[in-house]
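J.: Sequence:
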Amino acid sequence: MTDASANPQLEPMLTMDELSHYTQTSKSTLYSLRSQGRGPRGVRIGRALRFRTSDVDAWLNMLSDEAEAA
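The number in the numbering used here is simply the position in the sequence shown, starting from 1, with 121 added.
Each hint should be verified, as a subset may be incorrect.
As the list claims (entries may be wrong) - Here are the computed distance ranges between Cβ atoms for each label pair:
| id | residue 1 | residue 2 | range |
| --- | --- | --- | --- |
| 1 | Leu181 | Ser156 | 14 to 20 Å |
| 2 | Asp178 | Gln157 | 17 to 23 Å |
| 3 | Thr136 | Met183 | 19 to 25 Å |
| 4 | Gln130 | Glu189 | 28 to 34 Å |
| 5 | His142 | Ala190 | 23 to 29 Å |
| 6 | Ala179 | Thr150 | 17 to 23 Å |
Rather than coming from a laboratory, the hints here were simulated on the basis of the structure. Here a beta-carbon is modelled for each residue, glycine too, at the ideal position from N, C-alpha and C.
Modelling step: build the complete structure from the supplied sequences, incorporating the hints.
T.: Okay, here's the thing in structure tokens:
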């Protein structure tokens with residue numbers, strides 16, 4: 122396997138704990154948002170759920186845009 126610097130298409134992925142810390146949101150809230158289809162897009166790697174940082178940032182920007190429109 123190669124590291125992420127060898128392949129520019131790879132990007133860091135967050136665990137649910139890291140996502141919770143990154144967004145300062147509880148894991149239960151994040152799970153609830155995902156079950157409602159309103160959370161960030163995740164990627165399953167085996168049984169593990171991971172989140173691309175670009176997907177998380179896009180989701181946060183979308184929430185910000187929705188808040189400004191309201």
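J.: Next step is simple, just say for each hint if it's right about the structure.
T.: Cross-check of the supplied hints:
no. : hint                           : in the structure
1   : Leu181 with Ser156: 14 to 20 Å : holds (19 Å)
2   : Asp178 with Gln157: 17 to 23 Å : holds (20 Å)
3   : Thr136 with Met183: 19 to 25 Å : holds (22 Å)
4   : Gln130 with Glu189: 28 to 34 Å : holds (31 Å)
5   : His142 with Ala190: 23 to 29 Å : holds (28 Å)
6   : Ala179 with Thr150: 17 to 23 Å : holds (19 Å)
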